[in-house]
Structure formats: structure tokens, C-alpha cells
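Protein chains in written order, with the working numbering: chain W, 1 to 306; chain Z, 1 to 493.
Incorrect hints may appear among the rest.
Claimed, not checked - Quick list of in silico lysine to any residue cross-link-like pairs, SDA-like style, CA-CA up to 20 Å:
#1 Z:LYS189 / W:HIS83
#2 Z:LYS330 / Z:VAL315
#3 Z:LYS147 / W:GLN46
#4 W:LYS52 / Z:GLU119
#5 Z:LYS387 / W:LYS205
#6 W:LYS297 / W:HIS221
#7 W:LYS35 / Z:VAL396
#8 Z:LYS330 / Z:TYR320
#9 W:LYS35 / Z:SER93
#10 W:LYS52 / Z:SER93
#11 Z:LYS248 / Z:SER93
#12 Z:LYS387 / Z:ALA427
#13 W:LYS205 / W:VAL217
#14 W:LYS35 / Z:SER409
#15 W:LYS52 / Z:GLN208
#16 W:LYS35 / Z:GLU378
#17 Z:LYS147 / Z:HIS110
#18 W:LYS35 / Z:GLU123
#19 Z:LYS248 / W:GLN157
#20 W:LYS52 / Z:ASN121
#21 Z:LYS67 / Z:ASN377
#22 W:LYS35 / Z:ARG347
#23 Z:LYS206 / Z:ARG347
#24 W:LYS52 / Z:ASN381
#25 Z:LYS350 / Z:ASN377
#26 Z:LYS172 / W:HIS83
#27 W:LYS170 / Z:GLN192
#28 W:LYS35 / W:PHE109
#29 Z:LYS364 / Z:ASN377
#30 W:LYS35 / Z:LYS206
Rather than coming from a laboratory, the hints here were simulated on the basis of the structure. Since the model is a prediction, treat every value here as computed from it, not as a measurement.
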Amino acid sequence: MGRFILRRIIQGLIVIFGVTVIVFVVTRMVGDPVKVMLPLESTQEQRAAFEKQLGLDRPIYVQFFDFMGDIARLDFGDSLWQHRPAMEIVFEKLPLTLLLTAVGIGLAFLIAIPLGIVAALRPGGLLDRTTVFVSLLGLSVPQFWLGLLFIVIFAVQLRILPTSGAATPKHIILPALTMALPALARLVMLVRSSMIDELNQQYVKTSFAKGLPFARVVGVHALRNAALPVMTLVGWEVIRALAGYSVVVETVFAWPGIGLTAIQAIQREDLILVQAIVFTAAISVVLINIAMDFLYKVIDPRLKLN
Amino acid sequence: MKAYRWLWLTGIMMVAMGVTGAWAAGSSVTIALGSEPTTLDPQLREDGGERAVNDNIYDTVLTRSPKGDLIPSLAVAMPTLVDATTWEVKLRSGVSFHNGEKMNADAVVHSVQRIIDPEFNSEQISFFSTITGAKKVDDLTVHVTTKGPDPILPSRLYWLKVVPPQHSQDAKFAEMPVGTGPYQMVGWKRGQSIELKRNDTYWGTKPQIEQVSYRFVEEPGTRLAGLMAGEFDLITNLLPEFTQQVPKSIHILGLEHPIIILNADKGVTKDARVRQALNYAVDKEALAKGLFEGFAQVAEGQLLSPSFFGFNPEVKAYPYDVAKAKELLKEAGAEGATVELVGTSGRWLKDRELVEAVAAYWQKAGINAKVRIFEFNEYLNRLFDRKTRADGIFVVSSNELLDADKSFSAYYQAGGIGSSNSDANLATLIDAARSETDVQKRASLYHQAVKLAHDQAYFVWLLNIEDVYGLSERLNWPGRVDARLLVQEMMVK
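Isolated chain W, as found in the complex (with noise of 0.2 Å):
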């Protein structure tokens, strides 16, 4: 088990290095932020001032044996367009994310387990196929959007929440169930399928057979061995919504996220706070990862984790 946990550590310290040095790269090669940022009328003397006072005029080798120092220190360096440092932005912006994210992925594990299990039970029923359509629907519906139909509909319309902003606990609804919906369709839809293998497997009809409670054979043995692909696809569903769709979603309700954040970072050619997103992003991931590996092991002790 020790060694396991330490070879899981050093691929993701990898992966990490990996992820940085490219987005180093590319963000230097697509972008100049000097001329991004300065009015369009600004002199070429005021535009190379500028770019001394970044340190982009030095060589690109200099810069990235400087951002090697920067990781090790955990230190990025000031946000070029907030003027503070990168990572105390990040880490304001970080946790109402965790909160988004944590919301919005817990609802659709809460509904699609249950929905899941009952669809399964009648393939073919009408609640089956209700659950089929509507999973079908979010799946196909763009979650931009749904975002901006929910706020028609619930705070333009009905006036009965927010549209936007994260002041109070009535602003996370609206978000976190943009969120929640595509990945509940994926969910109860794999959920549906794990189940309907389990239940016509042999051991299910003979533990009906020697008189075991329904409730215990579904929602015991079957589920726990349905469970497995389910759990792989609530990690990479966490994933998915911490480095993806919060960028949607954050940018619709203007959730202050790291996912906003992220997005106005590059539209201003922020390289410095670009660079600590994407390596937060990054560690979230490995995290994520490994925090899966073990999830699986108590879930079937029997795996062998090599």
C-alpha cells in the first residue's frame, strides 16, 4: 500500500511538471500580453517600458529557469492584471468552486443513484423511459444555456431566486443544479446499465431464490457491484466540473470561481495567473486521482491495487 500511494504521488508530481512546462510554453508563444493590456494608442516607448517591468524582455530560458524557482516556492509571482499575488487569488477563489462543485456533483450522485436503481428495476417501464428521455435531453441540452434559461425561468419570471452572485446560500441553487444536470444524465444512465447486468446475474436470482429481503439484494450486493464503473465516473465527473464546467457555469451566474477567474485571466493574457490556475487544476486532478484508487479498494477489498 505505501509503495502504491508513493508511485501514484511521483506519476502525478510528473503529470504537474508536465502540465506547467507546456502551459509556460504556449502561453508565451500564442500571447503577448504588453500589447493586450496597453490602449491600443500607447507609444512604443511606454509599450517597452512595459515589457522590462514584466520581465518579458528577458530570454525565454531566463524566464523559465525563474518560473522553476517560482513552483518550488509555490510563489507565482503578482497576477499581471490584479497586481497581487496569483496564488492568494487563487486560493480566495478556490474554495467557492469546492463549494459549487461539491453541491452541484453531490445532487446528481443523490438523485442518480436512487433514479438509477429504479429504472433499472422495470427496464423498459414508463419510469424507465421517462429517466431515459430526461437523461437524454441533459445530456444534449448546452449547460450555458440551461444556465440562462434557469434564470428566465426562476429569477426572471417567477422572481423566487437570484441571477447572479454568490451573497447568499439561495445564490448556490441556481449553479449548482446547472451544474449538476449534465452530469446527473451521465450518472443515472450508467447507473441504469450497472444495474440492469447486476440484476440478471445468477447470484441476484438465487439469493431471491433462498428468500433474501428485496432491499438487501439490490441495495447491497447488486449496487455494490455496480458500483465500481459508477465511482470512475463520479471522479472524472468531479474533475470534469472543478477544470471545466465551471468556467460555463461560473461565467453565467457570475459565481466568483476560479473557473470566472480562469476565463478573464486568459482574456487578459494573464500569464502569471493562468500559470497558477492551470497548476492548481492540475493538482486537483492527480488529488482526485488518487483519492479514486483508494475508493475503489474499500469498495471491493479484493482489488489489488499494482
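Guided by the hints, dock chain Z onto chain W, whose structure is given.
Chain Z only, in chain W's frame:
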């Protein structure tokens, strides 16, 4: 049982108080901004969000009327010239900052020295680049000195927010702004909101609105929804197509001018007749109506709005005349010639649509327009490329000084960062105007420059875009040509 009844009563009373409390705070507004300020130090950054908030907390030495005329603010009169490079500013007496510090010559001298200090590294330095220093003459008189004669100094002083000498040295200054303005800071919850309240000891007219709350919403659709849901009273940059849906909208001629820079040095556009033809070929009226739903005006053949210094009222837009365009092209032997037109997408309102519409008009007049839309960075490479200039480059120029110098130095003058001509006469006129302190003479120099550039058709002047704001039913605000969101000029029902 009795205790419960009392609890009920208390509850009802609290609700009632809450409601009346909400009534009493009726004179508050919520303004949705597109971006959150990165700092609230008024002298440090070039940041629209910061400006929107601080314009209400700070006063400037001079200000502008809603129509754009420069008028005194913390000064009692317009600055006067002592000699060619020294301006005298007389200050209002009895004004103090929100924290009690006195607003006097020391405060103004401090504010000038702070912003021009190279160590301070202000992003706003381009507004003050000609200022060399400031000196206290007496408690209410300041002399501001400039590098050479600088006729734009009054316009520059319109940008100079006066900061308190003591508090501005505090490390917390960037989060806790203290000015002399009609509103004072209450608090800033990062990522969420900024709250201001009325300064009841304000030296000027007491504003009607007591509380201001700023929210930050980047996505235009969400800003619109917030206005329609009654959460916001004012949103900026309303898309023209939504003006019918919001409770109220206002529009006012803004500072943005989309133009096409034509290459007068090389290629088919080197011939002035071709450049004129490209102007005649475009139906600007139709662009204003079709693309901007009427929320734009045809630019009068110059890169200036009527409210800018240097605007030449005698120069008019090239009329839409395809026959004339065809004739000119024929004369120049340029029928069917190919003109490369560079643009970008998503940076400015309807940027791509404008470029494509212009190309279609050119096509109609017999020019083969080759549209090339680039991602913004790559587009900037082409806009700033001094060696190879594209035949036509689309750009939107914005001019916050409301003075011809900035736009003309960048785009009209040979060698300017985005110019495509090498007209020595035009450059001489612009150079001369930059240091001419006689207002009449200076205006006349710009009038000549405008006329020259217009006749030579160095650009295709398209439109002057209007700023469109969405307002709640209860808010009344006429808007301003300089796009400042001054809450003191707003009223709520």
C-alpha cells in the same frame, strides 16, 4: 403559551420594521459593472471598473458637463497660463476629504507628484506624460509645469483625481479609498460587491441617492437578466437588440469610432481615387440602422465626435454613391482590384459584422475585398506591424481625453503606432497643434488636419457608436458623453 404569543408579535414587528427599513433605504441603486476593480487606488491602474466606482468617491481638478465641456470642479476657475509651460490652478476653499484631511494646494501637489513618479509606475501615465511637476504658491494656488507648451493640460486635469496626502500613503489605501467626492466608501467584498454611501458633508450639490451598490457581472446576458429581474438599476453596454425588452434604455453618443485604416503608401490603395472610392462605396447610414439598430451615427469623415476638441464641423461624411465609386475606380484603373481587409472578432461590438458588411459594399462597387479575420493577438501584430501594412485594417479607436491629439498621433500622423500614410504636411499640422497653446490657433490646425485627411481619404470613416444603458423603471439618468457613471446625476423614484 403566552410567551409564544409574544414571540409572534415580536416576529411580526421585526418583519414590519424590515419592510419599512427597506422603504427608508429606497434611495439606493445597484449598478452592474462588467468587471470588478483590481484596485481602488484611483491613480494606479487603467481599469474601467475602478474608474466607475472612484469617479463617485473622488473629485478631479476639472470636470466635464454631461455634454463634454470642461468646467472647474475642485478648481474655482479654469487654469490660466503663467508662462508657456506653467499653468496656474486656483482651488476651492473649505473642502475636506472624507477622513477630515484638508483639500488644499498640498493635496493637489501631492496628487500630481504621486502620479508622475516613475517609481509609482502608474498605468494612467499617458494622460499625464507632459507634466513635469507641481508647486504650491499659497494654500489654494498651485502651479503645474509641463515639458513643453501643453495645450491639453486642462483635459489632463480632468483626469487628475485628488488624493489625501496622509491616507494615500497608508497600505490600506487601495482597499479603503478616501476622496472629497459625493460618495464615500463603506466596504468591498471581493468578488461580490462594493458599497458606497452618500457624503453628507459634500461641498457640491447634495445628491438624491443615499446608497450605491456595485455588482460585477461579465456575461451580458446575465446582466440583462439581472436588470429584468429587478436586481440592478443600471447596466452598461446593453446590446442594441435588447433595448425593446428592458424596462428603460438610454443612448448617448460615445467615445468609440470604428474606422478602416487604408494603406496610402503601397498597393492599389496608394491612389487617392481608390481610397475615395472605398469611402463612397459604403452605405454608412445602412450600417448604423441595420447593424446597430440605429444606436450609432455616421462619422463625419473624421476620427472625432462633435464633442471632441478639434472636430471640424465643415467636414462631412462621404455620401453613399456607388456610381461615383465605380467611376473613380475606373479612372484609377483599379476595377476588380483586390483589397485585403484585416479585422478581428469579438473584441468590439459587432466588429466582425462591420468588416464583412464593408467588404460586401466594396464588392458591389467592383473591388475584390479579401477579408481576413484574426484572433485578437494576431490581429494586433498586424495593426502594429510598421513594415508591411495591410491595404485596409479595421480598428475601433476610443478617446477618453476628448481631444484630437491622442487619436491623431496614433492613427493620422505618419509613424504613429497604427498609421498607414507618410504625409509630411499632415504630420507637421499635428506636431504644431500638440504644442500650440492658443486655443483658436490650435483648433484651426486640427481643422486643417481633418480636412486634409478627409480629402486624401486616408481612412474609411464608418460610425460613431452610441453607448447604450439599460435602466430600471425607477431610475432616471440622462447619461454623459464621457461615459462616466456619476451617481450624483441620477435620481430614483
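Quick rundown of the hints versus the structure:
1. This hinted pair checks out: LYS189 of chain Z and HIS83 of chain W have alpha carbons roughly 17 Å apart, not beyond 20 Å.
2. Taking the CA atoms of LYS330 of chain Z and VAL315 of chain Z, the gap is near 26 Å; set against the 20 Å cutoff, the hint is violated.
3. In summary, the hint linking LYS147 of chain Z to GLN46 of chain W is supported, as the alpha carbons are separated by about 17 Å, within the 20 Å threshold.
4. Of the supplied pair hints, the one linking LYS52 of chain W and GLU119 of chain Z holds, its CA atoms being roughly 14 Å apart against a limit of 20 Å.
5. For a cut-off of 20 Å, the pair hint linking LYS387 of chain Z to LYS205 of chain W is broken: about 80 Å separates their Cα positions.
6. Pair hint LYS297 of chain W plus HIS221 of chain W holds up; C-alpha atoms about 16 Å apart against a cutoff of 20 Å.
7. For the given pair, LYS35 of chain W sits about 15 Å from VAL396 of chain Z by alpha-carbon distance, which is consistent with the 20 Å threshold.
8. Proximity of LYS330 of chain Z to TYR320 of chain Z is assessed by CA-CA distance (about 17 Å); at most 20 Å being required, the pair is judged to hold.
9. At roughly 43 Å between alpha-carbon atoms, LYS35 of chain W and SER93 of chain Z are farther apart than 20 Å, so this suggested pair is violated.
10. Of the pairs offered as hints, the one joining LYS52 of chain W and SER93 of chain Z is violated, with about 43 Å between alpha carbons and a cut-off of 20 Å exceeded.
11. With a C-alpha separation of about 40 Å, the suggested pairing of LYS248 of chain Z with SER93 of chain Z is violated against the 20 Å cut-off.
12. Using a Cα cut-off of 20 Å, the hinted pair LYS387 of chain Z and ALA427 of chain Z holds, with the two alpha carbons roughly 19 Å apart.
13. About 9 Å separates the Cα atoms of LYS205 of chain W and VAL217 of chain W, which keeps this hinted pair within 20 Å; it holds.
14. Proposed proximity of LYS35 of chain W and SER409 of chain Z is supported: the alpha carbons are some 18 Å apart, at most 20 Å.
15. A threshold of 20 Å between alpha carbons decides the hint, and for LYS52 of chain W with GLN208 of chain Z the separation of about 47 Å lies outside it, so the pair is violated.
16. The straight-line distance between the Cα atoms of LYS35 of chain W and GLU378 of chain Z is roughly 10 Å, inside the 20 Å bound, and the hint therefore holds.
17. For a cut-off of 20 Å, the pair hint linking LYS147 of chain Z to HIS110 of chain Z stands: about 19 Å separates their Cα positions.
18. Among the hinted pairs, LYS35 of chain W with GLU123 of chain Z is consistent with the structure: their alpha-carbon atoms are about 14 Å apart, no more than 20 Å.
19. Using a Cα cut-off of 20 Å, the hinted pair LYS248 of chain Z and GLN157 of chain W holds, with the two alpha carbons roughly 18 Å apart.
20. The suggested pairing of LYS52 of chain W with ASN121 of chain Z holds, with an alpha-carbon distance near 12 Å, which does not exceed 20 Å.
21. At roughly 35 Å between alpha-carbon atoms, LYS67 of chain Z and ASN377 of chain Z are farther apart than 20 Å, so this suggested pair is violated.
22. Only pairs whose Cα atoms come within 20 Å are accepted, and LYS35 of chain W paired with ARG347 of chain Z is accepted, the gap being roughly 14 Å.
23. Restraint check: the Cα-Cα separation between LYS206 of chain Z and ARG347 of chain Z comes to about 39 Å, which exceeds 20 Å; the hinted pair is violated.
24. Proximity of LYS52 of chain W to ASN381 of chain Z is assessed by CA-CA distance (about 19 Å); at most 20 Å being required, the pair is judged to hold.
25. Distance restraint check for LYS350 of chain Z and ASN377 of chain Z: the Cα-Cα separation of roughly 18 Å lies within the 20 Å cut-off, and the hinted pair is therefore satisfied.
26. In summary, the hint linking LYS172 of chain Z to HIS83 of chain W is supported, as the alpha carbons are separated by about 15 Å, within the 20 Å threshold.
27. As the CA atoms of LYS170 of chain W and GLN192 of chain Z are separated by approximately 14 Å, the hinted pair is consistent with the 20 Å bound.
28. The straight-line distance between the Cα atoms of LYS35 of chain W and PHE109 of chain W is roughly 45 Å, outside the 20 Å bound, and the hint therefore fails.
29. The hinted pair formed by LYS364 of chain Z and ASN377 of chain Z fails the criterion: a straight-line CA distance of about 31 Å is larger than 20 Å.
30. Between LYS35 of chain W and LYS206 of chain Z the alpha-carbon distance is near 42 Å, which puts this suggested pair outside the 20 Å criterion.
In the structure shown, a violation is registered for the earlier hints numbered 2, 5, 9, 10, 11, 15, 21, 23, 28, 29 and 30, in ascending order.
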